[in-house]
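Asks: Here is what each chain is made of, one letter per residue.
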Amino acid sequence: MSQAIVETNNLTKTYDGFTAVDGLNLRIEEGETFGFLGPNGAGKSTTILMLLGLTEPSSGTAQVCGYNPTREPLKVKRIVGYLPEKFGFHEDLTPRQNMRYTAELNKLPREEAERRISELLDKVGLSQVVDQEVAKLSRGMKQRLGIADIWMKEPKLVFLDEPTSGIDPEGIDDILNLIKSMAIKGITVVFCSHQLHQVQNICTRVGILAKGHLVAEGPIERLGRQAGGGRYRIEAEVDKVEPKLIESLKRVNGVMEVQSSGNLLFISCDKDLRGQLSRVIVESGSLLLEMKIEEYSLERIYKKYAREA
Amino acid sequence: MNAVFRKELADHLASRRFLILFVLILFAAVFATYIATQNIRSVVTPITEFIFLNIFTTSGQTQISFLFFLSLFIPIVGIALGFDAINSERSTGNLSRLLSQPIYRDSVINGKFLAGLAVLAIMIVSVIAIVAGLGLRIVGVPPSSEETLRLIVFTVVSLIYGAFWLALSVLFSLLFNRGATSMLASMALWVFFFFFMTMIASSIATARVVYDQDPARWYEIQGMIARISPRTLYEEATMGLLVPELGSLNLALLVSAIYGGRMVTPLAFSQSLLLVWPQIVSIIALAAICFAVSYVKFMRQEIRAV
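As you go down the protein sequences, you meet chains A and B in turn. Numbering (the numbering used here) for the first sequence: 1 to 309. Numbering (the numbering used here) for the second sequence: 1001 to 1306.
Chain A on its own, in the form it takes in the complex:
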């Protein structure tokens, strides 16, 4: 098991009577891209604010990069980047001026700052607009500027809260590619999003938060298997369904249940039996038109857990 970069222990936050985060035990490993999911108001942002030391937990503890964010917020904020969901830049300044301010706040030496600013603005594809006012940039551009802005301190860990909301498909690809290249550089990324296919695309592991509890956590495939109760569901389309066919399918070792509907057969089994099943179907004299295994997509996993909580 690799090193944990974030570890919380019964982290709880109560806002005047309402428990936003309830006994959260979260572990994020160094170098992974972690998808942090959950419905609105599930406590994701509150958790991030606590991990940055911007909000004090009501009880429980957190460790970020080996520091306690409540006690040593400055040390945490020096190596952790945070891109809030609703963030803004100084609209009347240019991207370069905005980033210079961030560099000053991070106490970067001037020359080093200028070098990083040019490099990053180039990397996020804003080198054409460096000297335009931020007010004139599109939403996608601002979002990319936000990524450049948190990248400048060369963080070990970044929290991205909904970085792709309200952006056109092309812009989304740009942002996802940037996130991937951050991950390649060894930066641990915590990606909060409702766009589950994007999460599935870039994240190695996910955690699903609902009502302040972590209801599921792990690699996407494993969660899928758990969500399906360890079963595989195979769907087959044949030219005709005969009772004899169903009987012979049921006799295959590992098949637990066979249901039919029109020309479709739904077969539940404890492992991937597509090979044997197709042979049985063909040998019974029917024609096999199509066969597919139902994968548990992240969306189904998410809906299942979010509903259960």
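I should point out that these hints are in silico values taken from the structure, not numbers from a laboratory. A portion of the hints provided could be inaccurate.
What the hints assert, rightly or not - Taking lysine to aspartate or glutamate pairs in the EDC-like style, the calculated list, with each CA pair at most 20 Å apart, reads: (1) A:K123 to A:E154; (2) A:K86 to B:E1089; (3) A:K123 to A:D173; (4) A:K136 to A:D168; (5) A:K185 to A:D174; (6) A:K142 to B:E1089; (7) A:K250 to A:E237; (8) A:K250 to A:E283; (9) A:K185 to A:E237; (10) A:K86 to B:E1146; (11) A:K185 to A:E119; (12) B:K1297 to A:E308; (13) A:K75 to B:D1011; (14) A:K75 to A:D92; (15) A:K211 to A:E30; (16) A:K107 to B:D1106; (17) A:K123 to A:D174; (18) A:K136 to B:E1089; (19) A:K156 to A:E112; (20) B:K1297 to A:E30; (21) A:K185 to A:E32; (22) A:K180 to A:E30; (23) A:K136 to B:D1106.
The hints should help you fit chain B onto chain A, whose structure is shown.
Replies: For chain B alone, coordinates are given in the frame of chain A:
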């Protein structure tokens, strides 16, 4: 904190807001100086010791002196520099990004307040310097060393008065989420202190004693209530500093001295300072309280998820 301070200062100095205010104040100051120099001959008598200071306090028939202008405009400048200090950062989403940088939280509010104060200082010092220069040119009497000293203390008091209004508007920018609301709240307080406080003080005094029977007692009550207003405090403090002949801030004594035709000997600088010391301390205290409340409020404010 340095970075926040430099950034805010640069923002202020480059803003249109600053330009408009500066032109306004400059215009008022030059206008007041002009009036003063036109009327200065009528107030200066052969035995007047402090001719130069008269430039700042002399008003024409319209009753507008440079001092009056300052007491009117310093609050406006203070409010304009502070009313959206925090809430604009919050509404544009800059605040959470700013606070996630490795800086102490108080350096945000300290940097903002100090930048506002620096701008106020630039404005007040340059306006007073311009007026003094103009006056020197027109009147042709150079200030004595005591007059210079009085002017310097007067500048400092003006700055503290501005700091009070700045701290007050920063406080409102924390209490109200919308810039328009916090500006209106600050302006409302300004109008109240500037126009209504003296009226209220007079009505209460009249309700307590009949003016004709006991004017001294009337002025005592009136002054006591009017001194709740920072405007009164500022005016008394600056009058005491710029009018050395003012032996007392008690208006009753002053009135009888003028009507009685008594010749008043000017006070020494240290005596004048002693006279207005309570006023100065009160303004400092008001500014400090406002800033302390905003400081504590800002430090304790939860950064909540939106």
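Asks: The structure should be examined with respect to each hint, and the outcome stated for every one.
Replies: Quick rundown of the hints versus the structure:
At roughly 14 Å between alpha-carbon atoms, K123 (chain A) and E154 (chain A) fall within 20 Å of each other, so this suggested pair holds. With a CA separation close to 12 Å, the supplied pair K86 (chain A) and E1089 (chain B) stays within the 20 Å bound. Taken as a hint, the K123 (chain A) and D173 (chain A) pair is honoured in the structure, with Cα atoms around 14 Å apart against an allowance of 20 Å. Distance restraint check for K136 (chain A) and D168 (chain A): the Cα-Cα separation of roughly 17 Å lies within the 20 Å cut-off, and the hinted pair is therefore satisfied.
Proximity of K185 (chain A) to D174 (chain A) is assessed by CA-CA distance (about 17 Å); at most 20 Å being required, the pair is judged to hold. Proximity of K142 (chain A) to E1089 (chain B) is assessed by CA-CA distance (about 17 Å); at most 20 Å being required, the pair is judged to hold. For the hint pairing K250 (chain A) with E237 (chain A), the CA-to-CA distance comes to about 16 Å; that is within 20 Å, so the pair holds. Taking the CA atoms of K250 (chain A) and E283 (chain A), the gap is about 14 Å. The hint holds against a cut of 20 Å.
Under the criterion of a C-alpha separation no larger than 20 Å, the hint pairing K185 (chain A) with E237 (chain A) is inconsistent with the structure, at around 46 Å. For the suggested pair K86 (chain A) and E1146 (chain B), the alpha carbons sit about 57 Å apart, so the restraint of at most 20 Å is broken. Distance hint between K185 (chain A) and E119 (chain A) is fulfilled; the C-alpha atoms sit about 15 Å from each other, no more than 20 Å. For a cut-off of 20 Å, the pair hint linking K1297 (chain B) to E308 (chain A) is broken: about 40 Å separates their Cα positions.
With a C-alpha separation of about 29 Å, the suggested pairing of K75 (chain A) with D1011 (chain B) is violated against the 20 Å cut-off. Taken as a hint, the K75 (chain A) and D92 (chain A) pair is broken in the structure, with Cα atoms around 31 Å apart against an allowance of 20 Å. Using a Cα cut-off of 20 Å, the hinted pair K211 (chain A) and E30 (chain A) is violated, with the two alpha carbons roughly 26 Å apart. With a C-alpha separation of about 17 Å, the suggested pairing of K107 (chain A) with D1106 (chain B) holds against the 20 Å cut-off.
Between the alpha carbons of K123 (chain A) and D174 (chain A) the distance comes to roughly 11 Å, so the proposed pair stays at or under 20 Å and holds. The straight-line distance between the Cα atoms of K136 (chain A) and E1089 (chain B) is roughly 19 Å, inside the 20 Å bound, and the hint therefore holds. Pair hint K156 (chain A) plus E112 (chain A) holds up; C-alpha atoms about 18 Å apart against a cutoff of 20 Å. This hinted pair does not check out: K1297 (chain B) and E30 (chain A) have alpha carbons roughly 37 Å apart, beyond 20 Å.
For the proposed pair K185 (chain A) and E32 (chain A), the alpha carbon gap of about 11 Å is at most 20 Å, so the pair holds. Restraint check for K180 (chain A) and E30 (chain A): satisfied, since their Cα atoms lie roughly 15 Å apart, inside the 20 Å limit. For the proposed pair K136 (chain A) and D1106 (chain B), the alpha carbon gap of about 32 Å is over 20 Å, so the pair is violated.
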